[in-house]
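So the protein sequences, as listed, match chains L, P and H. Just so it is clear: in the first sequence, position 312 is 311 by numbering that gives the first Met the number 0, and no numbers are missing. Just so it is clear: in the second sequence, position 157 is 156 by numbering that gives the first Met the number 0, and no numbers are missing. Just so it is clear: in the third sequence, position 176 is 175 by numbering that gives the first Met the number 0, and no numbers are missing.
There may be inaccurate statements among the hints.
[Stated by the list, open to error] Below, in silico cross-link-like pairs of lysine to aspartate or glutamate (DMTMM-like), each with a Cα-Cα straight-line distance of 20 Å or less:
1. L:300 with H:295
2. P:283 with H:295
3. H:50 with P:207
4. L:283 with P:294
5. P:50 with L:295
6. L:180 with P:295
7. P:145 with P:64
8. L:180 with P:207
9. P:50 with P:64
10. H:145 with H:77
11. P:300 with L:294
12. H:283 with L:297
13. P:300 with L:295
14. P:180 with H:295
15. H:283 with L:191
16. P:283 with P:295
17. P:180 with H:77
18. H:180 with L:213
19. H:180 with L:191
20. P:46 with P:20
21. H:300 with P:295
Quick caveat, the hints were computed from the structure, so don't treat them as lab data.
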Amino acid sequence: MPGPFTLGELAARFGGRVAGDSQTLIRQVGSLEHAGAGQITFLNSRKLERKLAQTRAAAVILAPENERLTGLPRIVAENPYAYFARVSQLFNPVVLQAPGVHPSAVVSSTASIGKGASVGAGCVVGDDVVIGDDSCLYPRVVIYPKCVLGKRVVVHAGVVIGADGFGIAREEGRGAGHWIKIPQIGGVRIGDDVEIGANTTIDRGALDDTVIEEGVKIDNQVQVGHNVRIGAHSAIAGCVGIAGSAVIGRHCTIGGAAMIHGHIAIADHVHVSAGTLISRSLPKAGTYTGIYPFEEHEAWKRNAARLRRLTKGKKNG
Amino acid sequence: MPGPFTLGELAARFGGRVAGDSQTLIRQVGSLEHAGAGQITFLNSRKLERKLAQTRAAAVILAPENERLTGLPRIVAENPYAYFARVSQLFNPVVLQAPGVHPSAVVSSTASIGKGASVGAGCVVGDDVVIGDDSCLYPRVVIYPKCVLGKRVVVHAGVVIGADGFGIAREEGRGAGHWIKIPQIGGVRIGDDVEIGANTTIDRGALDDTVIEEGVKIDNQVQVGHNVRIGAHSAIAGCVGIAGSAVIGRHCTIGGAAMIHGHIAIADHVHVSAGTLISRSLPKAGTYTGIYPFEEHEAWKRNAARLRRLTKGKKNG
Amino acid sequence: MPGPFTLGELAARFGGRVAGDSQTLIRQVGSLEHAGAGQITFLNSRKLERKLAQTRAAAVILAPENERLTGLPRIVAENPYAYFARVSQLFNPVVLQAPGVHPSAVVSSTASIGKGASVGAGCVVGDDVVIGDDSCLYPRVVIYPKCVLGKRVVVHAGVVIGADGFGIAREEGRGAGHWIKIPQIGGVRIGDDVEIGANTTIDRGALDDTVIEEGVKIDNQVQVGHNVRIGAHSAIAGCVGIAGSAVIGRHCTIGGAAMIHGHIAIADHVHVSAGTLISRSLPKAGTYTGIYPFEEHEAWKRNAARLRRLTKGKKNG
Numbered sequence: 000m001p002g003p004f005t006l007g008e009l010a011a012r013f014g015g016r017v018a019g020d021s022q023t024l025i026r027q028v029g030s031l032e033h034a035g036a037g038q039i040t041f042l043n044s045r046k047l048e049r050k051l052a053q054t055r056a057a058a059v060i061l062a063p064e065n066e067r068l069t070g071l072p073r074i075v076a077e078n079p080y081a082y083f084a085r086v087s088q089l090f091n092p093v094v095l096q097a098p099g100v101h102p103s104a105v106v107s108s109t110a111s112i113g114k115g116a117s118v119g120a121g122c123v124v125g126d127d128v129v130i131g132d133d134s135c136l137y138p139r140v141v142i143y144p145k146c147v148l149g150k151r152v153v154v155h156a157g158v159v160i161g162a163d164g165f166g167i168a169r170e171e172g173r174g175a176g177h178w179i180k181i182p183q184i185g186g187v188r189i190g191d192d193v194e195i196g197a198n199t200t201i202d203r204g205a206l207d208d209t210v211i212e213e214g215v216k217i218d219n220q221v222q223v224g225h226n227v228r229i230g231a232h233s234a235i236a237g238c239v240g241i242a243g244s245a246v247i248g249r250h251c252t253i254g255g256a257a258m259i260h261g262h263i264a265i266a267d268h269v270h271v272s273a274g275t276l277i278s279r280s281l282p283k284a285g286t287y288t289g290i291y292p293f294e295e296h297e298a299w300k301r302n303a304a305r306l307r308r309l310t311k312g313k314k315n316g
Numbered sequence: 000m001p002g003p004f005t006l007g008e009l010a011a012r013f014g015g016r017v018a019g020d021s022q023t024l025i026r027q028v029g030s031l032e033h034a035g036a037g038q039i040t041f042l043n044s045r046k047l048e049r050k051l052a053q054t055r056a057a058a059v060i061l062a063p064e065n066e067r068l069t070g071l072p073r074i075v076a077e078n079p080y081a082y083f084a085r086v087s088q089l090f091n092p093v094v095l096q097a098p099g100v101h102p103s104a105v106v107s108s109t110a111s112i113g114k115g116a117s118v119g120a121g122c123v124v125g126d127d128v129v130i131g132d133d134s135c136l137y138p139r140v141v142i143y144p145k146c147v148l149g150k151r152v153v154v155h156a157g158v159v160i161g162a163d164g165f166g167i168a169r170e171e172g173r174g175a176g177h178w179i180k181i182p183q184i185g186g187v188r189i190g191d192d193v194e195i196g197a198n199t200t201i202d203r204g205a206l207d208d209t210v211i212e213e214g215v216k217i218d219n220q221v222q223v224g225h226n227v228r229i230g231a232h233s234a235i236a237g238c239v240g241i242a243g244s245a246v247i248g249r250h251c252t253i254g255g256a257a258m259i260h261g262h263i264a265i266a267d268h269v270h271v272s273a274g275t276l277i278s279r280s281l282p283k284a285g286t287y288t289g290i291y292p293f294e295e296h297e298a299w300k301r302n303a304a305r306l307r308r309l310t311k312g313k314k315n316g
Numbered sequence: 000m001p002g003p004f005t006l007g008e009l010a011a012r013f014g015g016r017v018a019g020d021s022q023t024l025i026r027q028v029g030s031l032e033h034a035g036a037g038q039i040t041f042l043n044s045r046k047l048e049r050k051l052a053q054t055r056a057a058a059v060i061l062a063p064e065n066e067r068l069t070g071l072p073r074i075v076a077e078n079p080y081a082y083f084a085r086v087s088q089l090f091n092p093v094v095l096q097a098p099g100v101h102p103s104a105v106v107s108s109t110a111s112i113g114k115g116a117s118v119g120a121g122c123v124v125g126d127d128v129v130i131g132d133d134s135c136l137y138p139r140v141v142i143y144p145k146c147v148l149g150k151r152v153v154v155h156a157g158v159v160i161g162a163d164g165f166g167i168a169r170e171e172g173r174g175a176g177h178w179i180k181i182p183q184i185g186g187v188r189i190g191d192d193v194e195i196g197a198n199t200t201i202d203r204g205a206l207d208d209t210v211i212e213e214g215v216k217i218d219n220q221v222q223v224g225h226n227v228r229i230g231a232h233s234a235i236a237g238c239v240g241i242a243g244s245a246v247i248g249r250h251c252t253i254g255g256a257a258m259i260h261g262h263i264a265i266a267d268h269v270h271v272s273a274g275t276l277i278s279r280s281l282p283k284a285g286t287y288t289g290i291y292p293f294e295e296h297e298a299w300k301r302n303a304a305r306l307r308r309l310t311k312g313k314k315n316g
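Given only the sequences and the hints, what does the whole structure look like? Please build it.
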C-alpha cells in the first residue's frame with residue numbers, strides 16, 4: 000500500500016490549502032463515522048456538521064465555507080469530494096483483474112481482445128467482438144457477437160451486452176395478435192472509459208447501433224434498450240430503464256429507478272430525479288422531477304381518493 | 000444473405016401495393032435516418048414526416064393514409080410495422096445458436112433437450128427439466144429443476160427460471176418476527192414460441208406452477224413472481240415486476256417498469272402504461288395509466304406540497 | 000417424502016386445535032384452488048371465502064374467527080400462514096444443493112468454504128471470501144473478494160455480491176465534467192439465515208462495509224447500494240432499489256419496486272408500500288405509501304393536467 004504522506008505532501012500533489020499541522024501523517028482514507036488514527040476523511044455537506052464534530056479522523060478535506068467547522072488538521076479545497084477521490088486513489092490504486100483470459104471463459108476465435116485487457120471467469124465473448132486495451136470484464140459477463148468496447152472499459156459481473164432488443168410487431172389478419180420478431184441487426188458500441196455495473200443489460204440495435212459514448216458511468220441493474228444513445232460523461236444510477244431509441248445528452252445524470260420513454264431526446268446537462276418517468280423530449284438543460292410524495296398510509300389513502308376526484312370536483316365546483 | 004428482391008417481388012410475397020418503380024432493387028432494411036442505396040425503410044407514424052422527407056432510403060413501407068407523404072418508390076400496406084418485420088426477416092433470417100449443448104454447459108442427466116435445441120456456454124440445466132424442440136438458451140441461463148419449456152422458446156443470457164418464489168411467513172410467539180420459509184414446490188411451465196429477455200427472472204410456484212402461455216414476449220430484467228400466469232400473446236416490456244399469483248390475460252401489453260400487485264386478475268386485451276402500478280384487478284379491457292407528471296424541479300416541489308395538503312385544503316375550504 | 004400424518008398428529012406437533020375428524024390423513028399441502036384428496040390447504044384472508052367453499056382439499060388451516068366458514072376437517076390456529084409454512088416444511092423438507100463445490104465453479108484458493116456449504120455450477124468466489132457453514136450458493140453466483148457470508152445463507156442464481164458501488168465524483172477545472180472513481184475499499188458482510196433472490200446485486204462498501212444483518216430475506220432483482228445496512232429480519236420484495244448509505248431498521252418490510260433514497264435512516268418496524276419512493280428519513284414505525292392512483296387512460300390524462308395546474312389554480316382561486 001502506498002504512503003504514508005503528510006498533509007503537506009498531499010496538497011503539493013493535488014492542490015488545495017492546508018490548515019493546521021501540515022506534518023500530519025496520513026496512511027489511508029476513511030468515513031466520517033469510522034475514520035481513525037492516520038486516516039483522512041471529507042465533508043461534503045454542511046448537514047453532516049454533527050458527525051464532523053464527533054469524527055476521530057486525523058484530518059479532513061472540506062470546502063472553504065466549512066473550514067471553520069473543525070479544528071482538525073485539514074485540506075481546504077473547492078471540490079472536497081473530487082479531491083477525496085484523488086487522495087483515495089493514491090492510497091488505493093484501482094486493481095482490476097490480472098490481464099488475460101480466464102481459462103473458464105468462452106471467447107470466440109474471431110473476437111479481438113486488446114492489450115492489457117482481462118476477461119474474467121465464466122465470461123462468454125461472441126464472434127467478432129472487439130474489446131479495447133486495458134478493459135476489464137469481471138466474471139460472468141456475456142457479450143453477444145459484433146459488439147465493440149473501447150479502451151479502459153470496466154464491465155461488472157453479470158452484465159449482458161448485445162442481446163436482442165425488444166422489437167416485435169403485432170400481426171393482423173391471419174394470426175392476428177401474434178407477435179412477429181423484428182431481426183435485431185444492429186450492434187452495440189461502447190466508448191473509452193465507460194464503467195457498467197453488475198447485472199446491467201444493454202441491447203443491440205434493431206437497425207443502427209446502440210451507442211454508449213466515452214466516459215459514461217452506469218450503475219447496477221440498468222436496462223438500456225435498442226438504439227439508445229447515451230452522451231459522453233453522463234451518469235446513470237441503479238435500476239434505471241431507458242426505452243428503445245431514446246437519446247440522452249452529454250453530462251446528464253439520471254437518478255435511481257428513473258425511467259426514460261422510447262423515441263425521445265434529452266438535452267445535454269439534464270438531471271432527472273430518482274423515480275421520475277420522463278415521457279417526452281427535454282430540449283432544455285435543467286432538473287426534472289415527478290414523484291408522488293409519500294405519506295403515512297392513511298393520509299395517502301385520503302389524498303389519493305381526493306386526487307382521483309380532481310376533475311369531478313372541478314365540475315361540481 | 001438472401002436477395003436482392005425488387006419491390007414487385009416483395010409485394011408478390013407479402014401483399015400490399017407498390018407505388019412508384021416496382022423494379023426498385025432492395026438488398027437490406029434500414030432506419031429512416033440511416034438507410035441508403037438498396038435499402039427499404041418504413042414509416043410507422045405521421046410524426047416522423049420530417050425524417051421521411053430527409054431519408055435516403057431506396058423505398059419506404061407505409062400506410063395508405065401516408066402514401067402521399069413521399070415520392071419515393073413505396074409499398075402501401077395496412078400494417079407497415081408488421082410488413083417491415085416480414086421483409087427484415089427475409090433479408091435477415093433469424094440465426095440462433097447452433098443446435099447442441101455447449102461443452103461448458105452443465106446439464107443434468109435427467110434433463111430432456113429437444114431436437115434442434117441449443118444450450119449455450121455456461122448454462123445450467125437442472126434435474127428433470129424439459130426443453131422443447133428448436134428452443135435456444137443463450138449463454139449463462141440457469142434453469143432450476145423440474146421446469147418445462149415448450150418449442151421454439153428463446154431465452155436470453157442471464158435469465159433465471161425456477162428459483163424459489165418469495166414465500167415467507169412471519170413467526171409469532173417464540174421467535175416472533177423471524178421468517179419461516181414456505182417450501183416452493185411448484186414448477187414453471189413455459190409455452191411454445193415464448194421469448195425471454197436478458198437477466199429476467201421467473202420464479203417457480205409455491206404450490207401450483209408459474210405459467211407463461213404460448214407466444215408471450217418478455218423483455219429484459221422483468222421479474223415474474225411465483226404462481227403468476229401470463230396469458231398467450233401478451234407482451235411485457237423491460238423492468239416490469241409482476242408479484243406473486245397475479246393472473247394476466249391474453250393479448251395484454253405491460254409497459255416498461257410497470258408493476259402488477261400480487262393476487263389480482265387482469266382481463267384480456269388490457270394495456271398498462273409504462274411506469275404504472277396496478278393495485279387491483281382489472282376486469283375490463285382498456286388502457287390504464289397512473290404516472291405522476293414530471294415538471295421542472297421547482298414547479299414539482301410547489302405542486303407536490305400542494306398535493307399533500309389536498310385533504311387539509313378541503314377542510315379549510 | 001415424509002408422512003402421511005393425521006390432523007391430530009399435526010396438531011400434536013405444531014399446536015392449534017382440530018375441528019372435525021382428527022383422523023383425517025394428510026399427505027401433502029396444496030392451494031385452495033388445486034388441493035385434492037389427502038391435501039391440506041389454508042385460509043389467510045376472509046376475502047377468499049368463496050374459494051374456500053369450492054375447495055376440494057381434505058382439510059384447512061384457518062384462524063379462529065374464520066372457523067365456521069367451512070365444514071371441512073380443520074386446524075384452528077392464530078397464524079394460519081405460519082402454521083401452513085411449518086406443515087409444508089414437514090412434508091417438503093427444504094433440500095438445497097448437495098454440499099461441496101461444483102467442479103465448474105471457480106473458487107479462489109484463499110476463500111474459506113464452511114462445512115456443509117455448497118457452491119453451485121459456474122459460481123465464482125473471489126479471494127479471501129468467507130462462506131459460513133451450511134450456506135448454499137446456487138449456480139452462477141459471483142462473490143467479489145473479501146466478502147463474508149454467515150451460516151445457512153441461501154443465495155439464488157445470478158446474484159452478484161461485492162461489485163463496486165457507484166462512487167464517482169465530478170471533476171472540475173481541467174477535465175471538468177469527467178467522473179473520477181472513488182475506490183470502493185469496503186466489503187460486504189451478510190449475517191446468518193439470510194436468503195437472497197435471483198439476480199439481486201449487493202455492492203461492496205465505499206469505505207465501510209455494506210451490511211445485511213441476520214435473518215433478512217431479499218427477493219429477486221433487488222439492488223443494494225454501497226454502505227447500506229439492512230436490519231435483522233427485514234424483508235425486501237422484488238425489484239426494490241436501496242441507494243447508497245441508506246440504513247434500514249429491523250423487522251421492516253419494503254414492498255416490491257419501492258425505492259429508498261441514499262443517506263437516510265428508516266426506523267425498526269417500518270413498512271413501505273410497493274412502488275413507493277422514500278426520500279427522507281423515517282424515524283417512526285408505521286406504514287408509508289406514495290403511489291399515483293391509476294385510472295383509465297383518458298381519465299388519467301384529465302387529472303394529470305389538472306394536477307400540474309394545482310399551483311396556478313390556487314393563484315387564480
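Structure-based check of all given hints:
The straight-line distance between the Cα atoms of residue 300 of chain L and residue 295 of chain H is roughly 19 Å, inside the 20 Å bound, and the hint therefore holds. Annotation: proposed proximity of residue 283 of chain P to residue 295 of chain H holds, straight-line Cα distance about 10 Å (limit 20 Å). Between residue 50 of chain H and residue 207 of chain P the CA atoms are separated by roughly 15 Å; this keeps the pair inside 20 Å, and the hint holds. Pair hint residue 283 of chain L plus residue 294 of chain P holds up; C-alpha atoms about 12 Å apart against a cutoff of 20 Å.
Distance check on the hinted pair: residue 50 of chain P and residue 295 of chain L sit about 49 Å apart at the alpha-carbon level, beyond 20 Å; violated. Proposed proximity of residue 180 of chain L and residue 295 of chain P is contradicted: the alpha carbons are some 38 Å apart, above 20 Å. Proposed proximity of residue 145 of chain P and residue 64 of chain P is contradicted: the alpha carbons are some 51 Å apart, above 20 Å. This hinted pair does not check out: residue 180 of chain L and residue 207 of chain P have alpha carbons roughly 31 Å apart, beyond 20 Å.
For a cut-off of 20 Å, the pair hint linking residue 50 of chain P to residue 64 of chain P stands: about 17 Å separates their Cα positions. Restraint check for residue 145 of chain H and residue 77 of chain H: the C-alpha separation of about 44 Å exceeds 20 Å, so the hint is violated. In summary, the hint linking residue 300 of chain P to residue 294 of chain L is supported, as the alpha carbons are separated by about 15 Å, within the 20 Å threshold. Distance hint between residue 283 of chain H and residue 297 of chain L is fulfilled; the C-alpha atoms sit about 15 Å from each other, no more than 20 Å.
Using a Cα cut-off of 20 Å, the hinted pair residue 300 of chain P and residue 295 of chain L holds, with the two alpha carbons roughly 19 Å apart. For the proposed pair residue 180 of chain P and residue 295 of chain H, the alpha carbon gap of about 38 Å is over 20 Å, so the pair is violated. Pair hint residue 283 of chain H plus residue 191 of chain L does not hold up; C-alpha atoms about 46 Å apart against a cutoff of 20 Å. Note on residue 283 of chain P and residue 295 of chain P: the hinted pairing is violated, with a Cα-Cα distance of about 35 Å set against a maximum of 20 Å.
Between the alpha carbons of residue 180 of chain P and residue 77 of chain H the distance comes to roughly 18 Å, so the proposed pair stays at or under 20 Å and holds. With a CA separation close to 15 Å, the supplied pair residue 180 of chain H and residue 213 of chain L stays within the 20 Å bound. Our distance criterion of 20 Å between C-alpha atoms is met by residue 180 of chain H and residue 191 of chain L, whose separation comes to about 15 Å. Between the alpha carbons of residue 46 of chain P and residue 20 of chain P the distance comes to roughly 26 Å, so the proposed pair goes past 20 Å and is violated.
As the CA atoms of residue 300 of chain H and residue 295 of chain P are separated by approximately 19 Å, the hinted pair is consistent with the 20 Å bound.
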